[in-house]
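2 protein chains.
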Amino acid sequence: MTSTAMIEAAAARLKGHARLTPLLSSPFLNEIAGRRVLVKPECLQHTGSFKFRGAWSAVSALDPDTRRRGVIAFSSGNHAQGVALAARAHGAPAVIIMPEDAPRMKIDNTRALGAEVVLYDRKNGEDRDAIGRQHAETRGLTLIKPFDEPQVIAGQGTVGLEIAKQAAEQGVEAAEVLVCCGGGGLTSGVALALEAHALRMRARPVEPEGFDDVARSLSAGDIVSNAAPSGSICDAIVTPQPGEITFPILSRLCGPGLAVSDEEALRAMALAFSRLKIVLEPGGAVALAAALFRPDQIEGETVIAVATGGNVDAEMFQKAMASAE
Amino acid sequence: MTSTAMIEAAAARLKGHARLTPLLSSPFLNEIAGRRVLVKPECLQHTGSFKFRGAWSAVSALDPDTRRRGVIAFSSGNHAQGVALAARAHGAPAVIIMPEDAPRMKIDNTRALGAEVVLYDRKNGEDRDAIGRQHAETRGLTLIKPFDEPQVIAGQGTVGLEIAKQAAEQGVEAAEVLVCCGGGGLTSGVALALEAHALRMRARPVEPEGFDDVARSLSAGDIVSNAAPSGSICDAIVTPQPGEITFPILSRLCGPGLAVSDEEALRAMALAFSRLKIVLEPGGAVALAAALFRPDQIEGETVIAVATGGNVDAEMFQKAMASAE
Chain A
404 MTSTAMIEAA
414 AARLKGHARL
424 TPLLSSPFLN
434 EIAGRRVLVK
444 PECLQHTGSF
454 KFRGAWSAVS
464 ALDPDTRRRG
474 VIAFSSGNHA
484 QGVALAARAH
494 GAPAVIIMPE
504 DAPRMKIDNT
514 RALGAEVVLY
524 DRKNGEDRDA
534 IGRQHAETRG
544 LTLIKPFDEP
554 QVIAGQGTVG
564 LEIAKQAAEQ
574 GVEAAEVLVC
584 CGGGGLTSGV
594 ALALEAHALR
604 MRARPVEPEG
614 FDDVARSLSA
624 GDIVSNAAPS
634 GSICDAIVTP
644 QPGEITFPIL
654 SRLCGPGLAV
664 SDEEALRAMA
674 LAFSRLKIVL
684 EPGGAVALAA
694 ALFRPDQIEG
704 ETVIAVATGG
714 NVDAEMFQKA
724 MASAE
Chain B
404 MTSTAMIEAA
414 AARLKGHARL
424 TPLLSSPFLN
434 EIAGRRVLVK
444 PECLQHTGSF
454 KFRGAWSAVS
464 ALDPDTRRRG
474 VIAFSSGNHA
484 QGVALAARAH
494 GAPAVIIMPE
504 DAPRMKIDNT
514 RALGAEVVLY
524 DRKNGEDRDA
534 IGRQHAETRG
544 LTLIKPFDEP
554 QVIAGQGTVG
564 LEIAKQAAEQ
574 GVEAAEVLVC
584 CGGGGLTSGV
594 ALALEAHALR
604 MRARPVEPEG
614 FDDVARSLSA
624 GDIVSNAAPS
634 GSICDAIVTP
644 QPGEITFPIL
654 SRLCGPGLAV
664 SDEEALRAMA
674 LAFSRLKIVL
684 EPGGAVALAA
694 ALFRPDQIEG
704 ETVIAVATGG
714 NVDAEMFQKA
724 MASAE
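In order, the protein sequences belong to chains A and B.
Residue numbering for the first sequence follows the numbering used here, beginning at 404 and increasing consecutively.
Residue numbering for the second sequence follows the numbering used here, beginning at 404 and increasing consecutively.
In isolation and in its complexed conformation, chain A is listed as follows (with noise of 0.2 Å):
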């Protein structure tokens, strides 16, 4: 289990390593929620996204032996990018087991940030896990699960550290903390953060409608699956269910879930490049727009958003763009 200790010894690991994001407003954001809006841009995270965080964690947890041998990741997205770099910074070998069918753009990213990159076949069934054990075996790879994996789950607690720090610094001392929720790593992380360092602050999972499994899990007080496996442009944040291990941090420490939909994480992205200067991905805006178009499910003076990421292409930026029109 994760302990606020082992935030705190991450947070040491992190330092000088990890980005210190700022917090960061607008005064016409504030307008539109109706009360104070402050956002913790990971996307100006390495690699684009929170995941570097829990990564470097990870890697940096491992004993100098066990990391010497290398590390592996299932991933398609975020957590390929965090894995590799943290792992290369440490001079570890990564490889990352990806869909041959995912964006080219993320495979030459993954490798260009040094990982072995080992292709599967989705559509034809083969067996990824199978896959990755044969690697991990043979080499004596370590496994780092994207979000079910304590030293993962400290990692991304360190932006829980950060926000309790830089909003008492702006005055702030109660708030609800929204986060962009998939497996529950960063927002379990968040939330224990919080428990230890901001009693007047509670984390919060948001998510896309129609894929908000952990909000259903807290409100049945149990772990339920979502309907279809994808079907969302907020495709980082998609998720089968909430984690093993997550889930029970979640389960005491969170308020209700929040679910947006697609064209409101799209909005939410015009309006964090007009009013922040920030690029977000769809599945990294929706804790800011749950915060600015869900003012009547949010209490206090003063709600806080995790932009969990920028990772978007041309496109998809432009169709965001297109939305404010």
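Honestly, the hints are just simulated from the structure, not real lab data.
Glycine is no exception: its CB is placed at the ideal position from the N, C-alpha and C atoms.
Hints may contain errors.
[Said to hold, decoys possible] Here are some, though not all, of the chain A residues that point toward chain B, as calculated from beta-carbon distances under 10 Å:
hint	residue
1	430
2	448
3	508
4	510
5	725
[What the hints assert, rightly or not] Simulated pairs of lysine-lysine, DSBU-like, Cα-Cα distance not exceeding 35 Å:
hint	chain 1	residue 1	chain 2	residue 2
6	A	509	A	568
7	A	568	B	526
8	A	722	B	722
9	A	568	B	509
10	B	548	B	526
11	A	568	A	526
12	A	548	A	526
13	A	509	B	568
14	B	548	A	509
15	A	568	B	418
16	A	418	B	418
17	B	568	A	722
Given the coordinates of chain A, work out where chain B should sit on it, guided by the hints.
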């Protein structure tokens, strides 16, 4: 004259009000440039550009009685928004004189930030200065010039203080610091800060090709003007000539100026989008463009580019993204 002590005093007045922007980087940009590239994203500053710093410095330096009567500025762009927000935060009235054919959004934004916008008809030869003088005299307003004003230069110089400190934290002591340059307020402020705090760093102005009055003035050793008043998409940094106060500072401290094409500015915007997840306007991207596309004109292992602003509309941004395809 702006002194180092004035910059440090401005930094103290700005503390907690101006945003401490991070220093960004990407291995992909390093590869293009052939050296380490660090980017200071002032697009993330309040109102979307560094201009807020100089405006805050100038407004906060006024004695309370003078400030209470209010301030006035001539600007159709970033300086207008910076002065409007800085004045509002001080409870001071702000009058901004803008051409009536300025982009609607800039006029609306400036008003939304609490300023009284006075429009004049520049096409029919209305005398902007006479209108401004009349308002200033009748109401006792203090003019905040955009660059040729010691307290404005001191405020912009805080960018240089932060660069010196943040680069040192990343182990960088020596670098050329490229600055998008209009009248030279930011460039001269940064140059003064570096002289005091980073002896192995040197500021260099970057301008759009055809509007390189500062570069040519530096090489002539005297102030020379641009041939045309406008005609670059980098409109935010097109000024007729360097300032009377800024030029002697630039001349004493800066390395040779650089110039880039509009197309290069657009390509730098596209790379800032894809690799740094920030939004730049063309005039705010010329320093990054020079860092990436003028490697032979730059010395040393590290180059630092100040990305000065991000106030760009969706149409121009789309054009930039298309330039990368």
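### Task
Please name the hints from earlier in the document that this structure breaks, with their numbers sorted from lowest to highest.
Those not satisfied are hints 4, 7, 11, 14 and 17.
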